[in-house]
Amino acid sequence: MFKQFTESINGTQVYLLFSLAIFLVFFIVVSVLLLRLRKQHIDHMSDLPLEDGNGESLNPYQL
Amino acid sequence: MQPEKFYYDNKIVRNFGIATVIWGIIGMTVGLIVAIQLYSPGMNMGNQYTTFGRIRPLHTNAVIFAFVGNAIFMGVYYSLQRLLKARMFSDLLSNIHFWGWQLIIVSAVITLPLGLTTSHEYAELEWPIDIAITLIWVIFGINMFGTIFKRRERHLYVAIWFYIATFVTIAVLHIVNSFELPVSAFKSYMVYAGVQDALVQWWYGHNAVAFFLTTPYLGMMYYFLPKMANRPIYSYKLSILHFWALIFIYIWAGPHHLLYTTLPGWAQSLGIAFSIMLIAPSWGGMINGLLTLRGAWDKVRDDVILKFMVVGLTAYGMATFEGPMLSLKQVNAIGHFTDWIIAHVHVGALGWNGFLTFAILYWLIPRIYKTQLYSKKMASFHFWIGTLGILFYAVPMYWAGFTQGLMLKEFTPEGILKYPNFLESTLRIIPMHVMRSVGGGFYLLGVIVMAYNLVRTAMQGKLVANEAAQAMPLEPLPKAAKEGTWHRTLERKPIQLMIAALIVILIGTFVELMPTLTISSNIPTIAAVKPYTPLELQGRDIYIREGCSNCHSQTVRPFRSETERYGEYSKAGEFVYDHPFLWGSKRTGPDLAREGGKYGNAWHYNHLMDPRLMSPGSIMPNYDWLLTQTLDTTTTVAKINAMRTLGVPYAAGYEKIANRDLDKQAKEIAANLYTDHIKIKNDKEVIAIIAYLQRLGTDIKANKTASK
Numbered sequence: 001m002f003k004q005f006t007e008s009i010n011g012t013q014v015y016l017l018f019s020l021a022i023f024l025v026f027f028i029v030v031s032v033l034l035l036r037l038r039k040q041h042i043d044h045m046s047d048l049p050l051e052d053g054n055g056e057s058l059n060p061y062q063l
Numbered sequence: 064m065q066p067e068k069f070y071y072d073n074k075i076v077r078n079f080g081i082a083t084v085i086w087g088i089i090g091m092t093v094g095l096i097v098a099i100q101l102y103s104p105g106m107n108m109g110n111q112y113t114t115f116g117r118i119r120p121l122h123t124n125a126v127i128f129a130f131v132g133n134a135i136f137m138g139v140y141y142s143l144q145r146l147l148k149a150r151m152f153s154d155l156l157s158n159i160h161f162w163g164w165q166l167i168i169v170s171a172v173i174t175l176p177l178g179l180t181t182s183h184e185y186a187e188l189e190w191p192i193d194i195a196i197t198l199i200w201v202i203f204g205i206n207m208f209g210t211i212f213k214r215r216e217r218h219l220y221v222a223i224w225f226y227i228a229t230f231v232t233i234a235v236l237h238i239v240n241s242f243e244l245p246v247s248a249f250k251s252y253m254v255y256a257g258v259q260d261a262l263v264q265w266w267y268g269h270n271a272v273a274f275f276l277t278t279p280y281l282g283m284m285y286y287f288l289p290k291m292a293n294r295p296i297y298s299y300k301l302s303i304l305h306f307w308a309l310i311f312i313y314i315w316a317g318p319h320h321l322l323y324t325t326l327p328g329w330a331q332s333l334g335i336a337f338s339i340m341l342i343a344p345s346w347g348g349m350i351n352g353l354l355t356l357r358g359a360w361d362k363v364r365d366d367v368i369l370k371f372m373v374v375g376l377t378a379y380g381m382a383t384f385e386g387p388m389l390s391l392k393q394v395n396a397i398g399h400f401t402d403w404i405i406a407h408v409h410v411g412a413l414g415w416n417g418f419l420t421f422a423i424l425y426w427l428i429p430r431i432y433k434t435q436l437y438s439k440k441m442a443s444f445h446f447w448i449g450t451l452g453i454l455f456y457a458v459p460m461y462w463a464g465f466t467q468g469l470m471l472k473e474f475t476p477e478g479i480l481k482y483p484n485f486l487e488s489t490l491r492i493i494p495m496h497v498m499r500s501v502g503g504g505f506y507l508l509g510v511i512v513m514a515y516n517l518v519r520t521a522m523q524g525k526l527v528a529n530e531a532a533q534a535m536p537l538e539p540l541p542k543a544a545k546e547g548t549w550h551r552t553l554e555r556k557p558i559q560l561m562i563a564a565l566i567v568i569l570i571g572t573f574v575e576l577m578p579t580l581t582i583s584s585n586i587p588t589i590a591a592v593k594p595y596t597p598l599e600l601q602g603r604d605i606y607i608r609e610g611c612s613n614c615h616s617q618t619v620r621p622f623r624s625e626t627e628r629y630g631e632y633s634k635a636g637e638f639v640y641d642h643p644f645l646w647g648s649k650r651t652g653p654d655l656a657r658e659g660g661k662y663g664n665a666w667h668y669n670h671l672m673d674p675r676l677m678s679p680g681s682i683m684p685n686y687d688w689l690l691t692q693t694l695d696t697t698t699t700v701a702k703i704n705a706m707r708t709l710g711v712p713y714a715a716g717y718e719k720i721a722n723r724d725l726d727k728q729a730k731e732i733a734a735n736l737y738t739d740h741i742k743i744k745n746d747k748e749v750i751a752i753i754a755y756l757q758r759l760g761t762d763i764k765a766n767k768t769a770s771k
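As you go down the protein sequences, you meet chains A and B in turn. Take the first sequence: its letter number 6 is residue 6 in the numbering used here, and every next letter is one higher. If you want the numbering used here, it's the position in the second sequence, counting the first as 1, plus 63.
Treat the hints with care, since some could be wrong.
To be verified - Derived coverage of chain A by chain B (criterion: at least 3 residues anywhere in the stretch with Cβ under 8 Å from a Cβ of chain B; other residues may be distant):
#, region
1, 18-24
2, 27-37
3, 44-53
Claimed, not checked - Cβ pair distances, simulated, as ranges:
#, chain 1, residue 1, chain 2, residue 2, range
4, A, Ala21, B, Val497, 38 to 44 Å
5, A, Leu20, B, Ile238, 46 to 52 Å
6, A, His44, B, Arg519, 23 to 29 Å
7, B, Met388, A, Leu20, 15 to 21 Å
8, A, Leu20, B, Pro483, 42 to 48 Å
9, B, Thr738, A, Phe18, 55 to 61 Å
10, A, His44, B, Asn158, 30 to 36 Å
11, A, Ala21, B, Ala359, 53 to 59 Å
12, B, Lys593, A, Leu20, 19 to 25 Å
13, B, Ala248, A, Val29, 47 to 53 Å
14, B, Phe384, A, Leu50, 50 to 56 Å
15, A, Ala21, B, Ile566, 27 to 33 Å
16, B, Phe212, A, Leu20, 16 to 22 Å
Claimed, not checked - No more than 25 Å apart at the CA atoms, straight line, and that leaves these computed lysine-lysine pairs for PhoX-like:
#, chain 1, residue 1, chain 2, residue 2
17, B, Lys556, A, Lys39
18, B, Lys392, B, Lys634
19, B, Lys764, B, Lys747
20, B, Lys392, B, Lys649
21, B, Lys481, B, Lys362
22, B, Lys661, A, Lys39
23, B, Lys661, B, Lys556
24, B, Lys744, B, Lys481
25, A, Lys39, B, Lys300
Quick caveat, the hints were computed from the structure, so don't treat them as lab data. Beta carbons: idealized from backbone N, C-alpha and C, even for Gly.
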């Protein structure tokens, strides 16, 4: 069934391979950058939404 | 060093919140009306301003740009200030942004029912409003970047990247899809024609979904979900990967809206390939959201806000899996032009955008009013009626889509169409349309209950218009800290980040758009295809004004079921004078690409007056005002001139005699109608639209020799 899907796309190989190649390169570059980030930095970034700059949350209310 | 004291602007957040709720109710109410119109033509209310063709765009514009748009600004203005530890750059700009945006919406509410439209889906607003949108968008950008520049937090959290990508990409999309040549104060022609116009429109249309309905909401998810669940996002690394992969891939997938059309095959293939790849980043985002709730699933049981988030994220996952599936050609062949697409977009719109918006409103309003939510029970009711509403909406629409898609393709063993009359399929799915409107009604009811609940919440509290906060000011970076990875550096450089995002989205844009826009061999011309006559051109503009393309496509796909039903499949060269293209995206009625000559003039006259005279059971509204309204021929000169500027080969000086030709053709049609005992003056609008309908698709019948 899968073959049927790919065969119906004109110029299958060229475009599938081309687009896959572009994306793979892009993906690998981003992944390498990510792996080089320090854990400390990641933790700091993850905590950003949880700090409002006004001490405790304005409203202790939890629904 | 002393921490600095400052105040968050909550008033602007509140204002956008109010606008979100009000426009949400209005937009969804219009949606409910158009849904009912599809089985009860009486709901068109017998006047031209409230017919389906004119107010369906009002519904889409209201929910996308008014409801979702205001919700985006509400979420951005709340989270941006807190993530950057800074008040918005300028209160004045915030207010101009707010009121400017509302004014744009009001102008849409006025112009769309008047029939002032470009006919480009989700970009219907005419050129003066396009300019206003550009200005207000720039003001939003200045305000956002101004805030970023005076921030007290060095690194930009991933939510802000999504906001930046939204800002820059929507700017590019809006500008490129608004290249129009004004003909008058509220009428313009698209610069592109036919296939090129279609490609630009669906590059826009697809990415408006990506960068208006998706990226800002992902940004909001990355901020508000950790707040709601009181724990950090599952994986910050995944969020970065998700960000770059999503904006890179999304921009390529537009052509999946044009499968089996005359768009060059390679562009279609590219669109399909990237649509499939899009599953990965979309699901990466959904999984990152859902896994943030790991260890907190017990909270989901009692916290209605988290319930909204979970269903919203699940709907996002379903819609982003379904999208790629629908872009496979075999699936698209059945699903395209049917209610399946309507179901697909509403799973996204009602589930993802709607439920996230509701969750954020329930979370945010009590906080800025320093109180508790007025009624948890009502919020819980809203959740259940809303979820039920989505199900009652989507399931019948899927059913209707499959039914119609398959009926229209069915042949008898003898090899003839089993349902040669399109109307048979329309009538078959009416019960599903009734159920859909019940689902929509449930959903709207939930929103109204929410509005009441939020108003009562606000009444019992008091708005903290300026919320005190403090943070350390940013110091210049010490030398040692400047080293670090390239990406970490990028996280503190907003302009570089914007440029990087811009480059990423322009790669796909250029590869895909440029060849079709610039290489003429991609659009083989056909010698027999001639420009429209002045009367046909005027008729075409009435077709656009009435929004006929909301229900009737103008492109015959190369399937036996379609060539049997409609005639020869469409060729790219047939549309070279179509500024704008009118292929449509939905067949609520039959395709009209080969309508010319199928019926007599009298048939069209009677059918426009009351469709049920010619097609019993038809759900098309009456267009009786076309019989009484006089055609405005004062615009002919400007229109011919504009078309010539755009490259349509009208002879020099033709505009001076165009109205003479127009009168001559109109008299012929009126005389022909007279032979069928229809007395009508030749200056009525119906004559022009009949002329246009009779021209559709006839050029290549007259002369089949094609030249390259």
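Hints broken by the structure, by number, lowest first? Hints 4, 5, 6, 11, 12, 14, 15, 16, 19, 21, 22, 23, 24 contradicted; others consistent.
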